[in-house]
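**Student:** In the order they appear, the protein sequences are chains C and X.
Following the numbering used here, the numbering of the first sequence begins with 1 at its first residue and continues without gaps.
Following the numbering used here, the numbering of the second sequence begins with 1 at its first residue and continues without gaps.
Since the hints were derived computationally from the structure, they do not count as laboratory data.
Backbone N, C-alpha and C fix where the C-beta goes; we use that ideal spot for every residue, glycine too.
Do not rely on the hints blindly, as some may be mistaken.
Quick partial rundown of chain X residues pointing at chain C, CB under 10 Å, derived from the structure [to be verified]:
(1) V258
(2) T266
(3) D276
(4) M279
(5) R343
(6) S391
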Amino acid sequence: MSDQAAPQAKLVCRNLWKLFGARAPEALDRLGSEVSARDLAEAGLVAAVRSVDLAVQPGEVFVIMGLSGSGKSTLVRLMSRLIEPTSGEVLLDGQNLLAISKSEMTRIRRHRMGMVFQHFALLPHLSVLDNVAFPLAVQGLNRAERLKRASAMVELVGLAGREDAMPRQLSGGQQQRVGIARSLAVEPELWFLDEPFSALDPLIRREMQDELMRLQQVLKKTIVFITHDFDEAIRLADRIAIMKDGEIVQCDTPEQVVLNPATDYVREFSRAVPRAKVMRVTSAMEPGAGGADLAEVAGSATVAEAAPAFLQGAEALQVTGPDGAKLGVLRRDAVIRLMLEG
Amino acid sequence: MASLSPATQAPAPKFRQVSVVLWIAALGLFWLFWKHGAGLAPWAFDYPRAWTVPVARWISQAMKWLLNDATFGLFTFEQATRFIAAVIEVPYQVALSLLSTGFLEGQGSTATQILPPLSWLAVIAVFALIGHRAGGVRLAALVVGCLGFVAVFGQWTSAMVTLASILVAVPLGVVGGLLLGIAAYRWLWVERVLRPILDLMQTIPVFAYLVPVLILFGFGPTAAIVATLIYAMPPMTRITLLALRRVPSELHDLGQMVGCTRRQLTWKVLVPSARDPLMVGVNQVIMLSLNMVIIASMIGAGGLGFDVLAALRKLDFGAGLEAGFAIVALALVLDQLSQAFARKSWGQPVQGSWAHRHPYLLAALATVALAALLGLVVPAVQSYPKTLEISTGTFWSNVVKWINVNYFDTLEAIKNALLLNLLIPFKRFLLSLPWAGVVALLAFAGWRLGGWRLAVLTAFLALFIAATGQWEKAMTTVYLCGISTMIAMLIGVPVGIAAAEKAGLWRWVQVVIDTLQTLPSFVYLMPAVMLFRVGDFTAMIAVVAFAVAPAIRYTALGLRGVDPRLIEAGRAMGCTRSQMLTRIKLRLALPEILLGLNQTVMFALSMLVITALVGTRDLGQEVYIALTKADPGRGLVAGLAVACIAIIADRMLHAGARNARARLGLAEVQE
Ligand SMILES: Nc1ncnc2c1ncn2[C@@H]1O[C@H](COP(=O)(O)OP(=O)(O)O)[C@@H](O)[C@H]1O
Ligand SMILES: [Mg+2]
C-alpha cells in the first residue's frame, strides 16, 4: 500500500465495494473491478459503493458529500460494519474490522464508535436522560453511574433541565441534540454522523453546525460526517470526499475542492461557493514580513474571516503560523479582488 | 371523459377486446355444457359417490391415533394436552373465584366458601379507575354506566364468568402471538411455516376447530379458552410481524451501533418502538376473545354466551336479548378501554415513593379492601341485591309478541316474497350447475385475473370441495353468502357514498359501524330470529346485518381517498356533481370498493357458519352437526370446504382489485 498516511490513520477503507442484489460477490469476481454501472444494472445489481479508498486522520472532520442515493449511508454503514462489504477492507487503527469476530465487533461498537442518525432514532418509550444512558445500559453499567454520565452529556449539548422530557415533546433540533448526547455517552474515538442536520430547518441547521464545531473544539474526536449539503460540507470539513454513483470523485480540503475541482461534477457544486469563504489567508498572501505595526491574522483563517479587519481601516495584515512565525502579508486589494470574484 | 388524465387511461383497447371475446367464449361453452351436457356426462353434474375421497374418515382416524397412540418420545400427546389444560385451568380457577364463585374449600355441593368473590362495586370501581387512567373522567363514566347496566339487569354473574375466561385468554393470546410474531421476524423459516397456517386460520370457520378442541380437551371452560387462543392468536402474530417490520431501519442500526445483543435488540429497541401497532393487536385479541368466548359456550364456556345459546334453543327472546345487551355492554367497555390505552403514548416517568409512582394501583387495592370489609356487614355491597334487579325479559317478549300480532302478515309477506322470487330460484340455479363446469369456469376466471398460478389454486380448491362429497352443501353456502353479500353491498355502497359526500354524516356512520364491528357475531342472531323465526331468510338477515359494515367502510374510505387533484381537474372541466361521482370518484375508488366486497364476503362467510344455529342447510350446518356429534373429521372437512370458498373469493377479488388499480395507474397498497 503506497498510502503513506496509512500507518497513523484512524480509519482506512481499501478498495471497498458494496453491491446490492443476489449473488453479488460472484458477480463482482466475474465482472471485475472495471465494471460499468450499466453492466451491473444488467446483472440486476445496484452498486452502492464502488472501489472506495480513503483514510481518515485522527482528530479530523472528514465529510462525505454527495447527492441522495450516491452511496453515502452505505459507505458509513460499511465503515461500522453494520453491513458486510462485497469486497475490500476496513481498518480501524490498523486492525481489519472484517476479520474480527462478532463479539469483538460488538465490543468495538460499544466502546469506540458512536453514530448520529438523520431521523434521530430516539427510543419513544425512554425519557431524554434514559435515551442518552441507553448505550451504557446496554453495556450493563449500573444505574447510578450511567445516569451520572448521561446527565453530563445532556448538559454538554445544552439540554439541562429537559432530562425527564419524552422525545415527542421536543423540537427537531432538541431531539437531535439528544441523539448527539447519546452517541457521545460512550466517549467514542470515532464518531459517525449520517446527515444529522438534514431533517432540520435551515436556521436550526446553522445553529447545530455551530454547536458541532464548538463540541469538536472541546472533544477532538475523529469525525466522519455525511451530508448532501455542499455549504455544510465546506463549513465543517477538514477534508471532503465527494461521492457520485458510489465512487469518490474527489477527496481534498474544502479550499482545493473549490479552487481545483477534479471534475465538472464537482465544479457544479463549487461554482456557487464564494472563494473567500474557503480560501485560507496563506493562499492569498504575499510572502515575507510586513511592518511591525500590522495586526495579525492566523494562517489557518479563511479570507472571509480575515476581511472584517480591513473594514476597520487596515491596509494589510500580518499572517502568522501556529508557532507565531511571520508567514506573509495579506493586502487589502488582494482581499477585495477575491471578494468581488465571488 | 374516458381520458381525464393519464391516471385513468384504459389499457390498449385491443387487449381488452381479446379479453372480452375470451370471456364470452368461456361463458358460452359453460352455458352449452350446462344445458346439453347432462346426457353426455352425467358424472359432471352429480359427483359420483365412488370417486369420493374419504378425507373426513382419515382425519377422524388420525385424531384417534393422536389421542390413543401418539407420543413425542418423552411424553404422549395426551399428556401434552393435559399439560396445556392444566396451565390454563389454574389461572382460570383463580380468575373465576375472584370474580364469581369466591374461593372454595372442599368439593362439589359440600364446598364452603372461605373467601367471597370481589364485590360488584369493587369490580366496577377497579374498571372505573382503569378507565380514568386511560381516558379520563368520560371513559370512567362510560365504564361505570355499562357495567352498572349489566348489574342492574341481572346479568352480573354470567358476565363475570365470561370476563374470567377473557382475563385468562387475553394475556395468553397476546404473549403467544407476540412470541410467534417475534420468532417469525427473526427466523425466515418460522415465517415460511407460519404464513400458510395464518392464512388458513383466517378463513377457516370457528366451529370447525371447536370439534377437535372438544375432543382433545373435553367439554368445559378450558376447551373454550384453548379454542379462543387458537382463534385470537393468529391476528396478533400477524400484527406483531408487520409491526416489527415497520420499525424504522435507523432504530435497528442504532441497536447494532450501541452493541445490543439479539435479545436486547428485540426487547429494548424493537418491541417498545413498535408499541402503537402492537396495542392495536392487543385490542384485536381482546375483541376476538370476547367473540370466541361467546361462541365457545357450545363447548362449555358458560357465561353470557351460554345464556344466549340457551335462549336461542328455547326461543326465549327476552332472556336472549338481555344477555345480548350485556354482551354489547361488555364489548363496549373492553373495546373502549383497550383503544384508550392504545392511543395513549409513553408518559414521563414519575419519581418518588412506591405509592407516588402507582397511585391507581393503590386506589384500586384500597377500594377492593374497603368493599370486602363493608361487604361483610352490608350484603348489598357484596352482591347486587336481587330486589333491585330489573328484568326486561317479559317486556321484550311482549314487544316481540306485539310485533308478531300486528305485523306478522307484513313480515311474513316480505319474507315469502323474497324467498320465492329471489332466494329459492337462485339456490335452484346454483344447484343445477355441473360441478365440473364450475371448476373449469373458476379456473378460467383465475387465469384471466391472476395468471396460471391462481387458475391452478382455484381449480384445486374447488375440486377439493367436490371430491370430499360436499358440492351441494357448498353451493347452498355460496347461495346464501352470495345473496347476503349482494344485499349488504346494495345497502352498504349507497350509504358509503352518502357518508363520503358529507363529512358530518361520516362521523356518525363511523361510530355506528365501529360499534357494530365490536359486537360478537352471536348477538346478531337474536333480533333476526325474533322477527323471522328460523330458516334461510333469518340467516340472511343476520348475515347482512353483520357484513354491511365493511361494505360501508371501504366505499366511504375509497371515495374519500380519491386524489383531490383529479377532483379539481373534474371541477375545472365543469362536471356536475353526479358526473363527478360516477365518472371520476367511483371509478377511482373501484379497487377499494372491490376490497370492501372481499371483506364483506369474508364477514358473510364467518357469520354464515354461525347461522347454522337457526337452521340453514349448508356447510355451516354440517360443521354444527359434527360438533354435536363430536365427529372431528366431518367438522374439519366441512370447515376446510368453507375455507376453500373463502380463499377462492379472496384471491380472485384481490387479483381483481390489483388489476383495477394497475388499470387506473394507482399505486399498489401495502397490506
Ligand atoms: N438494502 C438495500 N438493498 C438494495 N439497494 C440498496 C439498499 N440500501 C441502499 N441501496 C441502494 O444503494 C444506493 C445508495 O444508497 P444510500 O447509501 O442510502 O445513498 P445515500 O445515503 O447517499 O442517499 C441507492 O441507489 C439505494 O437505492
Ligand atoms: Mg442516506
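**Student:** All the hints need checking, so say for each whether the structure fits it.
**Tutor:** Status of the hints after comparison with the structure:
With its C-beta approaching chain C no nearer than about 4 Å, V258 (chain X) sits inside the 10 Å limit, and its interface hint holds. Annotation: interface hint on T266 (chain X) violated; nearest CB of chain C at approximately 13 Å, more than 10 Å. Interface restraint check for D276 (chain X): the shortest CB-CB distance to chain C comes to about 9 Å, inside 10 Å, so the restraint holds. Because the smallest distance between the Cβ of M279 (chain X) and any Cβ of chain C comes to about 12 Å, over 10 Å, the interface hint for this residue is violated.
With a least beta-carbon distance of about 13 Å to chain C, the hint placing R343 (chain X) at the interface is violated under the 10 Å criterion. Given the 10 Å rule on beta carbons, the hint for S391 (chain X) is violated: about 48 Å separates it from the nearest Cβ of chain C.
Checked against the numbered hints given earlier, this structure breaks hints 2, 4, 5 and 6; the rest are met.
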